[in-house]
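S.K.: Listed below are the residues making up each chain.
There are 4 protein chains.
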Amino acid sequence: MSPRKTLNIGLVGCGFMGRAHSSAFLRVNQFFDCDAQPVLKAVCARNPAAAEAFAANWGYQTFTTDWRDLVARRDIDLIDIASPNDTHAEIAIAAAEAGKMVMCEKPLGRNVAETRKIVAAVEAAGRANMVWYNYRRIPAVSLARRLIDEGKLGRVFHYRAKFLQDWTISADLPQGGAGAWRLDASVAGSGVAGDLLAHCIDTAMWLNGPIDTVTAMTETFVRERTHAATGKRQEVTIDDAAAFLARFANRSLATFEATRYARGHKAQYTFEINGETASISWDLHDLNRLQYFDHRDEDQVRGWRSLHVTDSGHPYMKRWWVPGLQIGYEHSFVHQVADFLESLSSGEPASPTFREAMATDLVTDAVLRSARSGRWEEVER
Amino acid sequence: MSPRKTLNIGLVGCGFMGRAHSSAFLRVNQFFDCDAQPVLKAVCARNPAAAEAFAANWGYQTFTTDWRDLVARRDIDLIDIASPNDTHAEIAIAAAEAGKMVMCEKPLGRNVAETRKIVAAVEAAGRANMVWYNYRRIPAVSLARRLIDEGKLGRVFHYRAKFLQDWTISADLPQGGAGAWRLDASVAGSGVAGDLLAHCIDTAMWLNGPIDTVTAMTETFVRERTHAATGKRQEVTIDDAAAFLARFANRSLATFEATRYARGHKAQYTFEINGETASISWDLHDLNRLQYFDHRDEDQVRGWRSLHVTDSGHPYMKRWWVPGLQIGYEHSFVHQVADFLESLSSGEPASPTFREAMATDLVTDAVLRSARSGRWEEVER
Amino acid sequence: MSPRKTLNIGLVGCGFMGRAHSSAFLRVNQFFDCDAQPVLKAVCARNPAAAEAFAANWGYQTFTTDWRDLVARRDIDLIDIASPNDTHAEIAIAAAEAGKMVMCEKPLGRNVAETRKIVAAVEAAGRANMVWYNYRRIPAVSLARRLIDEGKLGRVFHYRAKFLQDWTISADLPQGGAGAWRLDASVAGSGVAGDLLAHCIDTAMWLNGPIDTVTAMTETFVRERTHAATGKRQEVTIDDAAAFLARFANRSLATFEATRYARGHKAQYTFEINGETASISWDLHDLNRLQYFDHRDEDQVRGWRSLHVTDSGHPYMKRWWVPGLQIGYEHSFVHQVADFLESLSSGEPASPTFREAMATDLVTDAVLRSARSGRWEEVER
Amino acid sequence: MSPRKTLNIGLVGCGFMGRAHSSAFLRVNQFFDCDAQPVLKAVCARNPAAAEAFAANWGYQTFTTDWRDLVARRDIDLIDIASPNDTHAEIAIAAAEAGKMVMCEKPLGRNVAETRKIVAAVEAAGRANMVWYNYRRIPAVSLARRLIDEGKLGRVFHYRAKFLQDWTISADLPQGGAGAWRLDASVAGSGVAGDLLAHCIDTAMWLNGPIDTVTAMTETFVRERTHAATGKRQEVTIDDAAAFLARFANRSLATFEATRYARGHKAQYTFEINGETASISWDLHDLNRLQYFDHRDEDQVRGWRSLHVTDSGHPYMKRWWVPGLQIGYEHSFVHQVADFLESLSSGEPASPTFREAMATDLVTDAVLRSARSGRWEEVER
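Protein chains in written order, with this note's numbering: chain A, 1 to 381; chain B, 1 to 381; chain C, 1 to 381; chain D, 1 to 381.
A portion of the hints provided could be inaccurate.
Intra- or inter-copy, both count: the list cannot distinguish identical chains.
[What the hints assert, rightly or not] Keeping only pairs whose Cα atoms sit at most 27 Å apart, straight-line, the calculated BS3-like set for lysine-lysine is:
#: 1; residue 1: K318; residue 2: K117
#: 2; residue 1: K266; residue 2: K152
#: 3; residue 1: K5; residue 2: K41
#: 4; residue 1: K318; residue 2: K266
If you're looking for bench data, these hints aren't it; they were derived computationally from the structure. It should be emphasised that the depicted structure is a prediction, and the values quoted were computed from it without experimental measurement.
The whole structure should be built from the sequences, with the hints applied where relevant.
M.R.: So, in C-alpha cells, the structure goes:
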C-alpha cells in the first residue's frame with residue numbers, strides 16, 4: 001500500500017453545503033480506496049468567528065475571511081466554492097486564473113452571462129473541475145442511469161420531475177441576510193428555478209439527453225417580505241414556484257415543477273421516466289429505493305418493483321455496510337468526491353464538469369425567458 | 001314502505017360504459033334507499049346480436065338497433081347515452097327535444113360547437129340531466145371535496161393531475177372500428193384530451209374552481225396505424241399524449257398530463273392539491289385511500305395520513321359493508337345514480353349537469369388550441 | 001344460447017353475510033356465464049319485519065321466520081346458512097337430511113363435536129356443499145395459489161398471517177343480542193379464533209398444506225360487559241385476542257395472530273409466505289394488490305413487485321372491467337358462487353367443501369386447547 | 001470554547017462492527033458538541049495485516065494482535081469489544097478488572113452463565129459501560145419511545161416484532177471461520193436468537209417494559225454445512241429461525257420472529273405496538289419513517305400517518321442536515337456515542353448498560369429453553 005498523494009483543499013463558505021463537502025472530503029478514503037487524499041488546508045467565511053469555529057470543528061488547518069487568501073496560497077490545489085450564488089463568478093474565475101482545480105455549488109452563475117464567463121475561465125485554465133450536482137450519486141439514481149445505459153427502457157416517451165418544499169409559505173419569513181439569501185434575487189439570481197429546478201434539469205439531461213424547447217410559468221405567492229438585515233418591507237422578486245413543459249431532443253415529452261409552497265413536502269424531489277419497455281421512478285424522500293417496471297416480465301407477475309438499493313451489486317454500495325442497511329443524503333457527496341479523485345487518476349473528467357453544468361443553467365434561462373414571454377423558448381447551446 | 005316510483009331507462013350503447021351504467025341502475029336500491037326505481041326498458045346497439053345478448057344479460061325488456069326507437073317510446077323516461085362520442089350530439093338533442101331526461105358519457109361533444117348545441121338543447125328541454133363524470137363519486141374523491149368545503153386546505157397554491165395509461169404503445173394496435181374507436185379522431189373528437197384529461201379537468205374544477213388560461217403540448221407517437229375495419233394504413237390524427245400548465249381563477253398553479261404511453265400504468269389517475277394549511281392526494285390505482293397532510297398537527301407527529309376511506313362516516317360508505325372492507329371502481333356509478341335519483345326527489349340538480357360538464361369541454365378546447373398555437377390560451381366561458 | 005337451469009335458493013339469515021350472499025347470487029351471471037341461474041326463492045329471519053324488508057330489497061319471492069319452512073319446501077334446491085354460529089348445526093343437518101345442497105358461513109360449528117356432526121350429515125347426503133371462505137376468491141389470493149401451484153416459491157420456510165381489528169376496544173360496547181352475538185361465546189363458540197383466525201387458517205392450508213402442531217395463547221382484555229338484551233353486567237368468555245405458533249406438514253414454520261384490539265386496523269388480514277426462490281405477501285386493506293419477490297430476477301433489479309391484480313390474465317378479472325380498475329370485497333362472493341355453479345356442471349366439488357372446511361375447525365380447536373394447556377397440541381385429522 | 005477532554009479508545013475487532021464504531025467515534029463531535037473527544041489509540045485483530053490496514057484506514061495510532069495489550073495500556077480509557085461472541089466474556093472481564101470503561105457488542109455472552117459473569121465484573125468495576133443496541137438511537141425509534149413516554153398510546157394490548165433476513169438460504173454457504181462465525185454455535189452461542197431476536201427484544205423491553213413468560217420454537221433448515229476453515233462437512237447447531245409468543249409484565253401480548261430464510265428481506269427489522277388510543281409501527285428498511293395512528297383524530301381524517309422523521313424537532317435530527325433529508329443506518333452509532341459522552345458529563349448512565357442488556361440475554365435464554373422444553377418458560381430476573 002503506497003501512501004496516497006495529497007489534494008489540498010481550500011473551502012469557501014461554511015454553511016449547509018460547506019458542512020456536506022467537508023464531511024465528504026474527510027470520509028472518502030475510509031470507504032473508497034482512492035489514490036489521492038483530500039487535506040483540509042483552509043476555510044474562508046465572512047464572519048471570522050464562524051470561520052474559526054468551522055475550522056476547529058472539521059479540522060481545517062487555518063481559516064480566513066478573504067477568499068483571495070486561498071486563491072493566493074501555493075499549497076492549495078483546489079478551491080471549493082460553497083458560498084452564495086453571487087460570489088461564484090468572481091471566485092471561480094480568480095481560482096481558475098490562479099491555476100487551481102475548482103469545484104462549485106450549483107447553479108454556476110446567477111444568469112447565463114455569469115455562467116458563460118465562469119465556464120470560459122475554468123476551461124481556459126484546463127484544470128480538473130466539477131459542479132456539485134450530488135443527486136446523480138445517490139445509488140438509486142446512479143442505478144437508474146445504468147439501467148438506461150443498458151437499454152432497458154427502449155424508446156423514451158415521457159419524463160416528469162418535481163421538487164416540492166414548503167418552507168417559505170409563512171408570510172412572516174424574512175428575506176435576505178445570511179439565513180435567507182435564497183429569497184433574495186440579487187444574491188441567488190432566481191428562486192426555485194436555480195435552486196430546485198436546476199437539480200431536476202441536471203438529472204433529466206443526464207438520464208435522457210438534451211432539452212430543446214420549453215414553455216413555462218412562474219409565480220411569486222408572497223409579494224412582499226421584511227428584509228432580515230434592514231427590517232424594511234420590500235418586494236419579493238424571486239420565483240416562489242415554477243413549472244414548465246419541455247421537449248427533449250429524443251422527442252420525449254416532459255413536465256417539470258418546483259415550488260416552496262407545497263405543504264407536506266420538505267424535499268420531495270421525484271422523477272419518473274416511461275420507456276417503451278420499462279419505466280423508472282424515484283423519490284428523494286425514500287432515497288434508497290428505485291421503482292422499476294419491466295414490461296417484459298411474465299404477464300401475471302408484472303408489476304412495479306421496489307428496489308431497495310442497498311445490495312453490494314448496486315452503485316457505490318459495496319463500500320458501505322451490508323445489504324439491507326440504508327445510507328443517507330450526505331453519502332452522495334462522498335460518492336462525488338470519490339468519483340472526482342478517481343478522475344484525477346484516470347484523466348477522465350468527473351461529471352458534471354463546469355461545461356456540462358452550464359447546460360442546466362441554459363435550460364433554466366429558457367424557462368425564465370418563457371415565463372416572461374408566454375411562449376415556447378429554445379434552449380441555447 | 002311505500003312502493004317506489006319507476007324511472008324507465010333506455011340505454012344507447014352496450015360497451016364498457018353500457019355495462020357500468022346497467023350495473024348501477026340494477027344495484028342502486030339494494031344499497032341506497034331512493035324514492036325511484038330504475039327499470040331497464042330497452043337497450044340499443046348497432047349490432048342486433050350484441051344488443052340481444054346484452055338485453056338478456058342485464059334484463060332489459062327489449063332491444064333495438066335504432067336509437068330513435070328509444071326516443072320515440074312514450075314509456076321511456078330517460079335516455080342514457082353510452083355510445084361513441086360521434087353519436088352524442090344527435091341522440092342527446094333528439095332526446096331532449098322529445099322531452100326525455102338525458103344522461104351522457106363524457107365528453108359531451110367531439111368539439112366545442114357540438115357541445116354547445118347539446119347543452120342548448122338539453123337546457124331548453126328543462127328536464128333532469130347529468131354527465132357521467134363518475135370519479136367524483138369515488139368516496140375518497142368525495143371526501144376530498146368535503147374537506148375542501150370545510151376549509152381545511154386554506155388558500156390553494158398548487159394543483160397537479162395526471163392520467164397515465166399504456167395500452168396504445170404497440171404500433172401493431174389497429175385504429176378505428178368497434179374496439180378502437182378511441183383512436184379515431186373522426187369518432188372520438190380527440191385522443192387523450194377528451195378521454196383522459198377530461199376526467200382530470202372535471203375533478204379539478206369541482207375541487208378548485210374555474211381554470212382561466214392554459215399552455216399545452218400534444219404529441220402523436222405512433223403516426224400511422226392499420227384501420228381495424230379496412231385493413232388500410234392511415235395517419236393517426238389523435239393526440240397520444242397531452243400536457244398543459246394552467247392558472248386557476250383562485251390564482252393557484254397547475255400541471256396536467258395524460259397519455260397512453262406510460263409503461264407500467266393501466267389507469268393511474270392521480271391528483272394532488274397543496275393548500276396553505278393542508279394537502280390532499282389521491283390515486284385511482286388505490287381508490288379507497290386518500291392521502292391527507294394537515295400542517296396543524298403537532299410537529300413531531302405531523303405526516304401524510306393514509307385514510308382508508310371505508311368507514312361509515314365516509315361519503316357513501318355507510319351503505320355498503322363494514323369498516324375496512326373496500327369497494328371498487330364500479331361503485332362510483334352506483335353513487336352517481338343514487339345522487340341522480342335523490343336529485344329527482346329534491347329538485348336540486350345532480351352534478352355535473354350538462355352545463356357544468358360543458359366547462360370541461362371548454363378547457364379541453366383551450367388545451368387543443370394552445371397545442372396548435374404554442375401560446376397561452378384563455379378558456380372560453 | 002340455451003336458457004340456464006335454475007338453482008333455487010333458500011337463505012337463512014339477513015345480516016351482513018346475508019347481504020353479501022344475495023348480492024353474489026344476483027350478479028353472478030351478469031359477469032360469469034354459468035350454466036345455472038340462482039333464483040332467490042325465500043329468506044328466513046327471526047324478526048318478521050326484517051325478513052320482509054330484506055326480501056323486498058333483494059327480490060326474494062317469499063320470507064319466513066322459521067328456517068324449517070325452507071327445508072321443507074320442494075322447490076328449494078339449496079339452503080344457504082348465514083345465521084349466527086349456534087344455528088349452523090341444526091339447520092345444516094336438517095337441510096342435508098332433506099337432500100338439499102348446503103352452503104354455510106364459517107366456522108361450521110361452535111366446537112369440533114358440532115362440526116363433525118355437520119360434516120357427517122352433509123357427506124351422508126352426498127349433495128353439493130360449500131363453506132364461504134370467500135377470501136380465497138379475491139383475485140390476488142387466487143393468484144398467490146396459482147403461483148405456488150406453478151412451483152414459483154420452491155421449498156417453503158415461513159408462513160405468517162394476522163387479522164387485526166379494533167372494534168371491541170371500548171369497554172362500553174355491549175355483548176350479546178343481534179348486533180353483538182360475536183362477543184357471546186354461547187352463540188359464537190369462540191371469539192377471534194373462530195371469527196378471524198379461521199380465515200387465516202383456511203387460506204394458509206389452502207396455500208401451504210396441513211398444519212401438524214400448534215402452541216397458542218389467548219386473552220380477554222375486557223373481562224366484563226353489559227349484555228345488550230338484559231342490561232346486566234356479565235363475564236366475557238370469548239377470546240379477544242389469540243396468537244399461535246405452528247408447524248406445517250411441509251416443515252415450514254408459522255406465526256398466526258388475530259385480535260379486535262389493534263388500534264388503527266379495521267380488517268387488516270395479511271399473510272406472507274417465504275419460499276426458497278420467491279416470496280408472496282398480501283393485505284386485505286389493499287386487496288387488489290399482491291406483493292411478489294422473485295429471487296431469480298437479475299440482481300440489480302430484484303425487488304418486491306407490487307402486482308396490481310386487475311389485468312385480464314389475472315384470476316376472475318377478465319369478467320369485470322378493464323385493466324387498472326379495481327374491484328372490492330364483495331366480488332369475492334360472486335367468484336365463489338361462480339365457482340360453485342361451475343362445479344355443478346363439472347361434477348368437481350367447489351372448494352372448500354364442508355369436509356375441507358372442517359380441517360380449519362380442527363386447527364382452531366387445537367389452538368384453543370393449547371391456550372388452555374400451555375403446551376404444543378396436535379391437530380386432529 | 002474550552003478544549004475537549006480526550007477519551008482514549010482501544011478497539012477489539014475490525015469487522016463490520018469495528019468499522020461502524022470507528023466511524024461513530026470519529027464523527028461524533030463534527031455534529032454533536034460533546035465535552036469529550038474520542039481518540040483512536042489502538043486497534044486489535046488476530047490477523048496482523050488486517051489490523052494494520054484497519055488502523056491506517058481509520059487513523060488508529062497503533063495496532064496489535066493481542067487484546068491484552070490494550071487492557072494493559074495506561075493511556076487507554078475505554079475498551080470497545082467488537083469481536084466475535086466467544087471473546088466477549090474474557091475481554092470484558094479483564095477490561096473491567098483493569099478499571100477500564102467498557103463497551104460491547106451484543107449479545108453479551110454466548111449463554112446466561114457468561115453474561116452473568118460479565119455483568120458482575122463490569123458492575124464491580126464501577127466504570128461507565130454500554131452495550132451497542134444501536135437501533136434504539138435511530139431517530140424514528142427514539143421518537144417511538146418519546147411518544148410512549150408522553151402517554152400517547154394508553155394501555156398497550158399488542159406488540160409484534162420480526163427480523164427477517166435471507167442470506168443463509170443457500171446450502172452451499174460454509175459455516176465457521178472469520179466470515180461465517182455467526183453460523184458456528186460454539187463461537188456465536190446461538191443463531192438468530194442472539195443475533196437478531198436480541199435486537200427485537202431489547203427494543204421491545206425499552207418501549208414496553210419487562211417480558212414475563214415465553215413459548216418458542218426454533219428450526220435449523222440446513223442441517224449440515226462445510227466448515228469454511230477445515231473443508232469438512234459438519235452438523236449445523238445454530239437456530240436458523242426462531243419465533244416466540246410472549247406476555248409482558250403490563251399484560252400485553254406479543255409475537256416475535258427472526259430468521260435468515262425469508263426470501264426478499266435483507267434486514268427487515270419491524271415492530272408494531274397497539275395501544276388503546278394510538279398505534280406505532282416501524283421498519284428498518286425505511287428507517288427514517290415512523291408510522292403513527294392516533295385514534296383521537298377527527299373521524300373522517302383518521303389514518304396511519306407516515307412520519308418522515310427528518311425534522312429538526314425529531315430526536316437527534318437538528319444536528320444533521322435540513323428537514324426532508326435522510327440519514328442512514330450508521331448514524332445510530334454516532335448517536336449512541338454522543339449519548340455515551342453525554343453520560344460521562346451528566347453522570348447518568350447511558351442506556352443500555354451491561355445490566356440492562358443482560359435482561360435481553362435472559363429473554364433469549366428463556367426462548368431457547370422453551371424451544372427445547374415445548375412449554376412456556378419464565379424469564380429469569
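S.K.: Each of the hints needs a verdict: does it hold here or not?
M.R.: Hints, one by one, checked against the model:
Proximity of K318 and K117 under a CA criterion of 27 Å is satisfied in neither setting, with 40 Å inside one chain copy and 38 Å between copies. In this homomeric assembly, K266 and K152 come within 27 Å of each other (Cα to Cα) only across copies, at 20 Å, whereas the closest approach inside a single copy is 32 Å. Taking identical chains as interchangeable, the C-alpha atoms of K5 and K41 lie at most 27 Å apart whether they share a chain (14 Å) or sit on different chains (24 Å). When the C-alpha separation of K318 and K266 is checked against a cutoff of 27 Å, the pair qualifies only between copies, where the shortest distance is 14 Å, while the shortest distance within a copy is 29 Å.
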